[in-house]
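> Produce the complete structure using the sequences and hints provided.
Numbered per this note's numbering, the sequence shown spans residues 108 to 304.
The set of hints was computed from the structure by calculation and includes no laboratory data.
None of these values were measured; they are calculated from a predicted model.
Each hint should be verified, as a subset may be incorrect.
Said to hold, decoys possible - Restraint-style ranges between C-beta atoms, simulated for each label pair: (1) 242 <-> 188: 28 to 34 Å; (2) 226 <-> 253: 33 to 39 Å; (3) 173 <-> 246: 20 to 26 Å; (4) 280 <-> 227: 37 to 43 Å; (5) 173 <-> 201: 32 to 38 Å.
Each residue gets a CB set at the ideal place from its N, CA and C atoms; glycine is no exception.
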Amino acid sequence: MAAAVGVIILAALLWRGLDGRSDGSQPGAGGDPAGLPSADDLGSPTVTPSPGQTEPGLQEMPTSTPKPVRKAIDEVAELGGGVSARVVRFESVQGESTGRGERDAPAVRFTVEITNDTSSDLDLRAATVTAYLGADQAPAPDLGAPGVRLFPASAAPGTTASGTFVFAIPPGERDDVSVHVGYRGEAPTAVFRGSVS
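Right under this line is the structure:
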């Protein structure tokens, strides 16, 4: 009798063991092999532009600066597109300080014109006039008086806008002076050079 009971218990244990492996959890019973990532884990591939290529969606910005238009102090500089500039007059004055860091000093006052021969208004809000001295092009300090007058905000088609600017220039350094005139960053700068004695 005991032997029959032992056989029954052994058969029951074997049946339960086989039933526990019927849920598909045994190796090779479906699903991804252990240790290998699924497609969702891999993500999207990364594309790296090769040297010289621009990343998609970005435009290359121009890096070149227009060459200055160099002229004698009494000549006209054509800046392209129907725009020109010139130094109309220069005269010796006693410069006057009007702001912090300025000092009264012997100076030269320049009257500069920008002519607009285009068919639309010319924006002059960014127009600048600067002066430099000698071969090493040392900056000449600008002064607020006398008679300083900035360019207007714009010049209508077919008109000329003028401005007056004062720079501290010692009498002994007026034989080689450069006056730089610009009206926007992407346009060339006019460089007028010569004696202003």
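> Next, verify each hint and record whether it holds.
How the hints compare with the structure:
For residue 242 and residue 188, the hinted distance range of 28 to 34 Å is satisfied, since their beta carbons lie about 32 Å from each other. The given range of 33 to 39 Å is respected by residue 226 and residue 253, whose C-beta atoms sit roughly 37 Å from each other. For residue 173 and residue 246, the Cβ-Cβ distance of about 21 Å falls inside the hinted range of 20 to 26 Å, so the restraint holds. Restraint check, residue 280 to residue 227: a C-beta distance of roughly 41 Å satisfies the suggested window 37 to 43 Å.
Distance hint check: the CB atoms of residue 173 and residue 201 are about 36 Å apart, consistent with the given range 32 to 38 Å.
Taken one by one, the earlier hints all hold for this structure without exception.
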